[in-house]
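Going line by line, the protein sequences match chains L and U.
Heads up, the first sequence is in my numbering, so the first residue is 349 and it goes up one at a time.
Heads up, the second sequence is in my numbering, so the first residue is 42 and it goes up one at a time.
Because the hints were derived from the structure by calculation, they are not lab data.
Yeah, the Cβ is synthetic: ideal placement off N, Cα and C, and Gly gets one too.
Take every hint as true, because none was put in to throw you off.
Computed list of lysine to any residue pairs in SDA-like fashion (alpha-carbon distance at most 20 Å, straight line):
id, chain 1, residue 1, chain 2, residue 2
1, U, K95, U, D65
2, U, K66, L, R510
3, L, K563, L, R591
4, U, K66, L, E482
5, L, K421, U, S225
6, L, K421, U, D352
7, L, K421, U, E199
8, U, K212, U, D442
9, U, K66, L, M513
10, L, K461, U, Q355
11, U, K422, U, D392
12, L, K421, U, E358
13, L, K461, U, N353
14, U, K422, U, G132
15, L, K421, L, E586
16, L, K597, L, E390
17, L, K421, U, I357
18, L, K461, L, D484
19, U, K66, L, T507
20, U, K379, U, D287
21, L, K421, U, R226
22, L, K421, U, E222
23, U, K66, L, D486
24, L, K421, U, D351
25, L, K563, U, A241
26, L, K421, U, Q355
27, L, K461, U, D351
28, L, K597, L, V607
29, U, K66, U, Q90
30, U, K212, U, G146
31, L, K421, U, N353
32, U, K422, U, D287
33, L, K563, L, P504
34, U, K379, U, L307
35, U, K212, U, H144
Which residues of chain U face chain L? A few of them, derived with a C-beta cut under 10 Å, are:
id, residue
36, V78
37, K229
38, D230
39, G339
40, H342
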Amino acid sequence: MSRIAALFDGLKADHRVALVPFITAGDPDPEATVPIMHALVEGGADMIELGVPFSDPMADGPVIQRASERALKHGVSLSQVLNMVERFRQDDTATPVILMGYLNPVEIMGYQKFIDRATTVGVDGCLIVDLPPEEDTDVLPLFRARGIDQIFLISPTTTDTRLDMISSAGSGFLYYVSLKGVTGSSRLNVDEVRQKLEHIRTRTDLPVGVGFGIKDAETAAAMAAISDAVVIGSSLVEYLSQRAGEADKLPAHAREFLVTMRQAMDAVRTESKL
Amino acid sequence: MQSSGSSAAMGEDAVPVSDQPMPDKNGHFGPYGGRFVAETLMGPLQELQAAYEKYMRDEEFLAELDQELQHYVGRPSPLYYARRWSERVGGARIYLKREDLNHTGAHKVNNTIGQALLARRMGKTRIIAETGAGQHGVASATVAARLGLECVVYMGAEDIQRQAPNVFRMKLLGATVVPVESGSRTLKDALNEAMRDWVANVDNTFYIIGTVAGPHPYPAMVRDFQAIIGREARTQCLQQTGRLPDALVACVGGGSNAIGLFHPFLSDTAVSMYGVEAGGEGIQSGHHAAPLNAGRPGVLHGNRTYLMEDDNGQIIETHSVSAGLDYPGVGPEHAWLKDSGRARYVTVNDDEALAAFHDLTRTEGILPALESSHALAYADKLAREMSSDRIILINLSGRGDKDINTVATIEGINL
Numbered sequence: 349m350s351r352i353a354a355l356f357d358g359l360k361a362d363h364r365v366a367l368v369p370f371i372t373a374g375d376p377d378p379e380a381t382v383p384i385m386h387a388l389v390e391g392g393a394d395m396i397e398l399g400v401p402f403s404d405p406m407a408d409g410p411v412i413q414r415a416s417e418r419a420l421k422h423g424v425s426l427s428q429v430l431n432m433v434e435r436f437r438q439d440d441t442a443t444p445v446i447l448m449g450y451l452n453p454v455e456i457m458g459y460q461k462f463i464d465r466a467t468t469v470g471v472d473g474c475l476i477v478d479l480p481p482e483e484d485t486d487v488l489p490l491f492r493a494r495g496i497d498q499i500f501l502i503s504p505t506t507t508d509t510r511l512d513m514i515s516s517a518g519s520g521f522l523y524y525v526s527l528k529g530v531t532g533s534s535r536l537n538v539d540e541v542r543q544k545l546e547h548i549r550t551r552t553d554l555p556v557g558v559g560f561g562i563k564d565a566e567t568a569a570a571m572a573a574i575s576d577a578v579v580i581g582s583s584l585v586e587y588l589s590q591r592a593g594e595a596d597k598l599p600a601h602a603r604e605f606l607v608t609m610r611q612a613m614d615a616v617r618t619e620s621k622l
Numbered sequence: 042m043q044s045s046g047s048s049a050a051m052g053e054d055a056v057p058v059s060d061q062p063m064p065d066k067n068g069h070f071g072p073y074g075g076r077f078v079a080e081t082l083m084g085p086l087q088e089l090q091a092a093y094e095k096y097m098r099d100e101e102f103l104a105e106l107d108q109e110l111q112h113y114v115g116r117p118s119p120l121y122y123a124r125r126w127s128e129r130v131g132g133a134r135i136y137l138k139r140e141d142l143n144h145t146g147a148h149k150v151n152n153t154i155g156q157a158l159l160a161r162r163m164g165k166t167r168i169i170a171e172t173g174a175g176q177h178g179v180a181s182a183t184v185a186a187r188l189g190l191e192c193v194v195y196m197g198a199e200d201i202q203r204q205a206p207n208v209f210r211m212k213l214l215g216a217t218v219v220p221v222e223s224g225s226r227t228l229k230d231a232l233n234e235a236m237r238d239w240v241a242n243v244d245n246t247f248y249i250i251g252t253v254a255g256p257h258p259y260p261a262m263v264r265d266f267q268a269i270i271g272r273e274a275r276t277q278c279l280q281q282t283g284r285l286p287d288a289l290v291a292c293v294g295g296g297s298n299a300i301g302l303f304h305p306f307l308s309d310t311a312v313s314m315y316g317v318e319a320g321g322e323g324i325q326s327g328h329h330a331a332p333l334n335a336g337r338p339g340v341l342h343g344n345r346t347y348l349m350e351d352d353n354g355q356i357i358e359t360h361s362v363s364a365g366l367d368y369p370g371v372g373p374e375h376a377w378l379k380d381s382g383r384a385r386y387v388t389v390n391d392d393e394a395l396a397a398f399h400d401l402t403r404t405e406g407i408l409p410a411l412e413s414s415h416a417l418a419y420a421d422k423l424a425r426e427m428s429s430d431r432i433i434l435i436n437l438s439g440r441g442d443k444d445i446n447t448v449a450t451i452e453g454i455n456l
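Take the sequences, apply the hints, and build the full model.
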């Protein structure tokens, strides 16, 4: 069983929801990335989503665009991101790590080379934003052969036909984009998301996470009440970038940020059980 | 999908375009093209494709498009024998397809009028567009004004500085011009930003892409709207000379004017095709915009094609004296035509393009756009190697009035 599948099985048994923080690898400082990852786990992260910087992040809002630009200024490449995961794995072999990024850096590295290296360093899943299942037929078998989960997005405009296709191509979990827009947008409608998630669950057995637009502990709690995983990206990236000057304190800040989210999510989950 | 006819503007004896089924139903031109986008864009693209396939078979829509092309755009555009310039160059006879005489002064409007009419049929009240030099932005703002649609144009902050007159023109036409501050603050970033807008506002918004790039169906749809250039040119060449041209020459940035000219000639195997990329300061210098000549395949803006990129797969900045060719990618159909050998792709440097700009202006009284001047400069070289019974047909894709400040600055003249 993959680390991701095992995680969701365990959480289900405990009636808990996965907290998945996203950070852009190499931002605000390449040296800080691995310590921040460990701090996020201490703060309550169940899984880490590590963004691979790209020059043209079409699906991202301004916060993650700027994080990507800062990381690229530090010269952070896909191969360095894989090295970061390798370093993280020296001290943490339990927490699943997924990479989120765009196809072109993977294409230039070469699919087989990328997947071999990702397997060696301990990557558990990949969300390649601009690689939908239709274009993925050559690559998916390579991921499957190495047991790396391919995580796909579901959007408010995804049809049932596509939902079924995505559900059978994907593994690990499905990532529901909670609004029409880019990462970090702010128009989350909890009732709409709830209805959509209920519908998605009628067509898949995979856990369903929610992301794009979760700004604070309150929305994280609201999403925790209805989903299997809550992804927090832009607000964390923004929080850390505002504290980039205090490089040695970044892990502590990351931990504090996450503890608040964890407490809010666990509280709502306990209430709903009662 | 194949182009559909608009009989009055295309001429009575137009022939069907190539019988190659390009792209396939998923938008692939061989290994290129496709639909490499986030799931959030899949719904909007499927909706667009359905509407495009429906209306390109709808007689009423095609008649409406035909009316606009004739009476608003001013088609057909002339095919002009540049006798004095041909004689000066020495060699083949050179004909110019005068897209510079269209309303707004370039070929761009053929596509924007088509997409804007489609937007209206789809019930969209707001159109958005990306622009680099501002030509596509102006052409989009123009048709938005014509059809009473709201228009927002995304333009790199860097380009806004360089192209102030076009920015003002768009504002006069009622468009909102949004400066894009991300990335390299140029055309590619404007395209990213327009896509982000579209995802968030798809309920009322239609995204008019200006070139034959982007996710399926854009490369095929923009080609089909631009193919009127080649259909007319083919008919006109037969009427005027009794035969087809020996060679077609067009500049290639994203490649819409070139595909528009080439596509209706694809099955005419005796007709050679030359796409001219911007060599900038020379390929060796690294400062150019020639992905087909010096790039490699990758994925950007929703399609697989040749790109200017570094060893880590990051997109790099391009350089050309002509802002309209300053794009790190190229339409996927050109990538396919290159690999298949049906078309050849060459480069012309900034200085050669400038020389051709002056040459045509002085000998024919036609001020060409700096983009089109790249095609002229290559045709100049080609014509010299051919005898006077041969014919070269160049797509003069735009007029050069917009470029006089650029030319003056380069030549140290203060206007």
